[in-house]
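Visitor: Residues per chain are reported as follows:
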Amino acid sequence: MFELLGIPPQALFGQLLLGLINGAFYAMLSLGLAVIFGLLNVINFTHGAQYMMGAFGAWMLLNYAGIPFWGALVLSPIVVAIIGMAIERTLLKRLYHLDHLYGLLLTFGLALIIEGLFRRQYGSSGLPYNNPLPGGTNLGFMFLPNYRAFVVVASLVVCIATWYVIERTKLGSYLRAATERPDLVQAFGIDVPRMITLTYGFGVGLAALAGVLAAPAYQVSPTMGSNLIIVVFAVVVIGGMGSIMGAIVTGFGLGIVEGLTKVFYPEASSTVIFVIMAIVLMVKPAGLFGTAK
Amino acid sequence: MSTSSPTHPAGAPAASGSGSSSLGTIFGIAAVAVLLVAPFGVYPVFLMKVMCFALFACAFNLLLGYTGLLSFGHAMFFGGSAYVCAHTIKVLGFSPELGILAGVVFAALLGLLAGLLAIRRQGIYFAMVTLALAQMFFFFCLQAPFTGGEDGLQAVPRRALFGIFDLSKDINLYYVVLAIFVFGFLVIYRTIHSPFGQVLKAIRENEPRAISLGYRVNQYKLMAFVLSAALAGLAGSTKVLVFQLASLTDVAWQMSGEVVLMTLVGGMGTILGPVVGAAVIVTMQNYLAGLGEWVLVIQGAIFVLAVSLFRRGFVGEIIAVMQQMKAKKAG
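For the protein sequence lines, the chains are G and D, in the order given.
Quick note on our numbering: the first sequence kicks off at 1 and runs consecutively.
Quick note on our numbering: the second sequence kicks off at 1 and runs consecutively.
Fair warning: there could be bad hints in the mix.
[To be verified] In silico lysine-lysine, DSS-like type, Cα no more than 30 angstroms apart, as pairs: (1) Lys201(D) <-> Lys326(D); (2) Lys284(G) <-> Lys201(D); (3) Lys326(D) <-> Lys93(G); (4) Lys170(G) <-> Lys93(G).
Note that these hints are calculated values from the structure, not bench results.
No experiment lies behind these values; they were computed from the predicted model shown.
Next comes chain G alone, as it looks inside the complex (with noise of 0.2 angstroms):
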């Protein structure tokens, strides 16, 4: 079949699996950009920065602390989340009783900010990091990098996990409440301020924790998160942020057609999945799993 098409089986795997990669990525900073919408009606903007900012906690914790990649998977989404948190506390919280714009507009300036100083620091260009898992496994039908395959599991656990605790999960069931009526979830005894700020920093920790996994798959660089957040904004729009299994769903599939794109027509692959966008605006507007509001 493979000969048919003229497509090396080797390629298309090999171009399926770094989709998957992709995917992985969006599904991971979809799901946060949902979650923090729901609690706090803000577009995190921030968020590629914080997925930059993950990715070169990574690379920090290794060149100046000697901490390895598995210290550094635990320990660097912390501490931006951390950083997440005090911006969500200082700067964020005087802009809910505002129109969404407000808080778009705040977290651009963020953005900005932090991949301008970045920047001035480690230049545009990428630093490397090394793969913390070498080698892989031959499948018969192509060959499997190990550190490929830990990044496709690693986010499908973290991603089930968030769906599980946030779908499940009493805890889950307070923040379900709480996007719904804040005012309400109050009045039962909850303190909603500190749930949206932990939910903020858990949104950006997810953020970060995928730039961990980033930094051995691609390069750390300043400019990494900047791209990809306009992509997870039309992931975003695709699959719409009502549900979050939607955001998962939407996310890996998106990453899988992108790398099917780049198998059979290249030229395509940076814009298929603005296309899809484009399509899915036509057809649906609320997005696949979206409900109109």
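Go by the hints and put chain D onto chain G.
Guide: Chain D only, in chain G's frame:
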């Protein structure tokens, strides 16, 4: 609204701060008079740059300030028109006026396409959709053969306007750019103060109510979007004449962010705000050009400060203070 009597009842909504029209006319004439003699005191290319970006910001403000739609993709109209204008003049040998016309028509058509898609979503999604569409257009420009890729289209000849006015002289070009700027500004002013503009404001204030009054809100939004795109295109094409260059910078998302910043700093929803904002930001960029990446940091910091502390922008704050004083006088 057209009354010039100072006895406004306190707290009366003074139509988004346009002030009394006779005062506005005097101010407008004075401003044009200053701009007419300005090139003899200030470097004309700098002034032309300010006017291009001021027009761009005014066009953007028509959407954000008067219709309540935040477009995060206006660079595609600015830069797209710049590419078309540069290509038609440089490669096809168009005269400047035809090149600009081609750029504006292209921007309007692109605005129609993007608008049809974007107005299907509201609020925050509208911003994300426009940003994504602009990014798609960016990648298109990156790959398309006629844009010159990373190099862009350089050394676009200025030629002569209508075959008479030699634009290779900066001073001649200056007055052409001034005329274009005043024309664009008046179009926007006229639009805002027309019944059409009033409907746009109604949509901004309360979209469901505008719908319930029987207005076809989406058609109004689309018209505003196309108009805004066309005027942003006019700014982009004019910029090509000034710098003889169309490049990827013009279509990149940073450009969309810059025009948002200009409007925010100057005061969204005010007529003069975007002009002031453009002047402030362009001046800042000129002085800070040597600082490299710090410019990005400073722009971000201005964003954060403007959103946190003075959301009305320079002009908006001045209008607010003036209204307070008026209210005190009346009370």
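Visitor: Would you mind marking each hint as holding or not holding in the structure?
Guide: Taking the hints in turn, this is what the structure says about them:
no. : hint                    : in the structure
1   : Lys201(D) <-> Lys326(D) : holds, 24 angstroms
2   : Lys284(G) <-> Lys201(D) : holds, 28 angstroms
3   : Lys326(D) <-> Lys93(G)  : violated, 33 angstroms
4   : Lys170(G) <-> Lys93(G)  : holds, 25 angstroms
Hint 3 alone, counting from the list given before, is not met by this structure.
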